[in-house]
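Going down the list, the sequences are from chains A and B.
When you line the first sequence up against this note's numbering, it's residues 1 to 355, in that order.
When you line the second sequence up against this note's numbering, it's residues 1 to 579, in that order.
Do not rely on the hints blindly, as some may be mistaken.
Covered by chain B, according to a simulated footprint, are these stretches of chain A (three or more residues, beta-carbon under 8 Å) [to be verified]:
| hint | segment |
| --- | --- |
| 1 | 2–13 |
| 2 | 69–75 |
| 3 | 88–94 |
| 4 | 263–271 |
Not close to chain B: a few residues of chain A, all C-beta gaps over 10 Å, as computed [to be verified]:
| hint | residue |
| --- | --- |
| 5 | ARG147 |
| 6 | ASP290 |
| 7 | LEU325 |
It should be emphasised that the hints constitute simulated quantities derived from the structure, not laboratory data.
Every residue, glycine too, gets a C-beta built ideally from N, C-alpha and C.
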Amino acid sequence: MNAKVKFEGVGKSYGPVVALQEVSLEVSQGEFLTLLGPSGSGKTTLLMILAGLVEPSRGRVWIDGIDSTYTPSHQRGVGVVFQSYALFPHLTIYENIAFPLRMRRISEAEVRKRVAEVLEAVRLPGVEDRVPRELSGGQQQRIALARCIVYQPAIILMDEPLGALDKRLREQMQLEIKRLHRELGMTVLYVTHDQEEAMALSDRICLMNNGSIEQFGTPAELYFQPISVFSGDFLGESNLLQGQVREVSAGTVQVEIGPTSRIRAQAGAGAAAGAKVTCLVRPEAVQVVDGSGCDNEVEAVVQDVVVAGGVTRIYARMGDGTRILSVRLTSRHSQINRGTPIRLGWSAGDTIALS
Amino acid sequence: MLTSSSWWVAPLVVFLVVAFVYPVAQLLALSVLNKQGEFTLDHFTRFFATPVYLQVLVITLKVAFWTTLLCVLAGYPVAYLLARVSPGTRSALVLWILMPFWTSFLVRTFAWVVLLGRNGAINRELTALGIIDEPMELIYSFAGVMIGTTHALLPMTVLTMLGAMQTIDHNLTKAAGTLGARPGQAFWRVWFPLSAPGVAASALLVFAVGLGFFITPILLGSRKETMIAQLILFQVEEVLNWNFAAAMSLVLLALTLAMFYLYDRIVGISALAGERRDESGARQGLVNRVIGRGSTWLFNSFGELSAQCSILTDKLLGRRRAGRRWLSPLWWFSIAAITFLVVPTFFLVPVSFSEGEFIEWPPRGFSLRWYEEYFGSSVWRDATLRSLWVAVTTAFASLALGIPAALALSRPGLPARSAILALIVSPLVLPHIIVAIGLFYVYAKIGLVGTSIGLVIGHTAFAVPYVVITMMAAMKHYDQRLDHAAWSLGATRLQTVWKVTLPVLRAGVLAAFVFAFVRSFDELTVALFISTGEATTLPKQMWSDALLKINPTLAAVSTCLLVFITLTIVAAEYLNRRR
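Construct all of the structure, not just a fragment, from the sequences and the given hints.
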């Protein structure tokens with residue numbers, strides 16, 4: 001068995017409050033796995049259980065095939081990058097990074113060498129003698145990362161490590177983290193509520209909701225094959241069209257979304273004949289069309305047009321009041337005005353009917 | 001720029017200058033004058049050249065030092081526990097720790113006599129059990145003084161250390177754990193160094209306050225535990241040598257101020273008013289220098305030692321499995337400390353129902369004679385009524401002066417803010433006896449001695465810091481945008497305060513009132529000098545009685561006081577909850 005980490009029916013309750021239902025999950029060696037979900041979904045609890053900072057109420061945690069459910073955190077060899085960085089304010093940067101090495105009784109010469117190396121790796125050489133509060137937020141973040149990777153733990157846990165940074169810095173740090181993961185080959189468990197960050201970084205994403213796993217898969221699977229409305233809505237933007245299944249044939253269904261309009265969609269879970277379903281289609285799949293030729297077409301009136309830099313967002317409303325959003329690349333030639341009647345079309349392959 | 005609200009602090013500043021700074025300055029000026037009013041340094045020469053006085057100075061330092069050590073050693077584990085439990089548990093425990101603070105100082109001291117005296121509970125029980133043959137000298141000794149002073153100052157020590165520990169990020173010890181530190185190492189290498197400035201600060205505070213003690217050593221100590229404040233008292237009351245008393249006051253004040261100078265360098269004097277200074281590099285630097293490289297090495301060694309111990313216990317006992325939830329030693333220790341703080345007060349209750357002539361344990365029979373004595377005596381009744389009147393007046397005066405000042409201090413941009421704060425908290429921390437004698441000296445000239453109004457002025461100087469601190473703490477959670485909204489809706493500043501700010505802060509106002517009331521009701525030092533003859537307050541009457549003989553009437557009065565103050569606090573809490 002090659003699972004680096006295995007959760008087996010792990011749950012956590014605080015009195016009557018269930019923070020985490022019974023979760024089972026395997027993380028492969030060298031994988032970058034993200035726990036994604038809204039706040040209160042249990043993702044941080046799961047991470048803290050793996051770090052040994054929270055004790056599970058139920059279930060077992062295996063690391064490298066060894067039952068580690070009750071191993072104290074200092075014996076797990078699991079590195080944690082905290083959301084607040086948790087740099088020791090009374091120690092210099094050098095001493096902060098040296099801390100895990102000193103705990104492992106590594107010789108001073110070796111400590112000096114490895115601190116220098118790791119500062120090089122996070123691209124912050126020369127800050128050894130400063131104290132944490134003299135560094136900017138982004139720099140502190142790099143030091144927290146350096147302190148974690150300096151002793152080369154096989155598993156690194158990151159709890160919203162970029163939450164406190166501004167957008168530009170966050171994107172830059174994402175690339176850094178990705179590079180370090182690639183170069184050092186460690187297993188990373190990453191917690192975030194930011195779906196774009198999860199998509200950008202992860203090999204696999206574990207989407208969590210209400211203390212249990214909603215969907216587990218690659219970013220592409222989650223984006224293109226959501227198994228629930230929650231999944232589809234949480235990752236990226238979605239148009240949601242309510243309707244009833246009329247015909248089922250070979251993986252596709254016909255859904256009646258209005259008295260006269262039917263659309264074709266891939267059959268998702270529970271999309272049997274007669275079932276009430278929600279059809280989910282990504283805004284970038286919906287385009288303004290003239291004439292016919294698309295699998296699905298609807299009439300709508302433009303409510304608002306927003307040019308958001310590179311993309312233009314067209315907010316429209318169908319005859320029965322259902323809102324529908326279309327996103328396309330901004331072009332200087334084609335202008336659309338409020339109140340214009342338009343036809344919107346998309347293909348059946350981009351549509352999923354979910355009950 | 002001076003905003004109009006800056007002036008709100010002016011009445012309090014003027015009051016404190018007149019009722020606190022001026023009397024103290026008048027008194028201290030006497031120290032360099034002889035009886036004829038000419039300049040001289042003879043008093044200081046006499047003080048420092050007389051072995052007896054120097055001995056008293058040494059005793060004073062010794063008492064303050066050991067009190068500090070005991071308070072910090074006993075207080076640190078309690079504060080550590082409080083910093084780590086849930087907020088709900090914490091407030092429940094803090095309530096118990098504050099208990100002694102609410103009960104009268106004299107009541108607590110009498111309680112120790114009941115517990116530790118020759119015929120006290122502990123001696124009786126131990127004799128009855130045959131553990132000892134004859135009663136031990138637990139009080140009227142250095143140990144007795146230590147018990148009294150530690151009991152008085154432990155709550156303050158715990159709360160100031162807790163304040164400092166609450167600024168420490170809990171993730172830091174967790175982080176140390178994930179980086180490979182055993183719990184002991186995480187404590188000594190991370191938590192303890194970070195809490196060290198707070199420990200140093202509260203130690204200095206305890207030391208400074210301990211220097212000025214005199215009631216405890218008089219009631220619980222022997223001649224060998226005479227402290228400098230007692231000498232000052234003696235010079236004023238018996239010898240009437242004001243100039244020499246002033247010189248000794250200056251020595252005591254200089255010692256106290258030296259402690260506060262260090263305190264200011266470590267955490268900033270405004271920390272006394274509950275303010276957290278942003279950790280500027282300079283201060284952190286000082287602390288690091290004070291703590292020094294050597295002690296860092298010491299902490300790390302402690303960490304190493306505890307790691308070795310835990311490795312050893314792991315080997316001997318096998319790895320501890322999680323899931324077993326005993327009360328940790330930390331909890332047991334804290335429960336013991338809280339018991340030490342809370343229990344003595346209640347020992348007076350059974351004694352007050354005794355039939356016997358003396359305070360003794362176990363109380364003999366049951367009677368209400370001591371209560372009859374209390375309620376039947378016009379002396380006790382007048383003293384009680386006077387204390388009530390003075391305390392209520394003091395509380396209102398303190399609110400009137402303190403609330404506007406607290407509002408002004410809570411807004412940004414007040415000029416000389418830290419100097420004003422230092423002035424306001426100084427009556428709290430400077431030796432009370434110096435202020436009391438200063439007031440006595442000034443009042444004697446203008447005929448305020450023995451008047452209630454004189455008492456109110458003195459008590460207000462001591463009560464107003466509590467009002468300001470309480471209100472500033474309440475203001476911290478106050479959303480100033482409410483004020484801005486009220487102004488934008490057409491309210492004047494005064495209307496805003498009256499209709500918006502104070503109603504929102506009513507819990508704080510109520511707490512401030514209770515604080516001021518209890519401080520005045522319990523105040524003895526000023527009353528000792530100002531309330532003479534006819535105009536006696538309850539604590540003063542208890543004191544005079546106690547000096548003659550500690551009798552069960554005092555236990556009855558103390559019990560009434562305990563019930564009354566508890567009712568006051570419960571009523572305040574009820575008023576606060578009702579709305």
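Status of each hint after checking the structure:
no. : hint    : in the structure
1   : 2–13    : violated (count 0)
2   : 69–75   : holds (count 4)
3   : 88–94   : holds (count 3)
4   : 263–271 : violated (count 0)
5   : ARG147  : violated (7 Å)
6   : ASP290  : holds (53 Å)
7   : LEU325  : holds (36 Å)
When held up to the earlier numbered hints, the structure conflicts with 1, 4 and 5 and fits the remainder.
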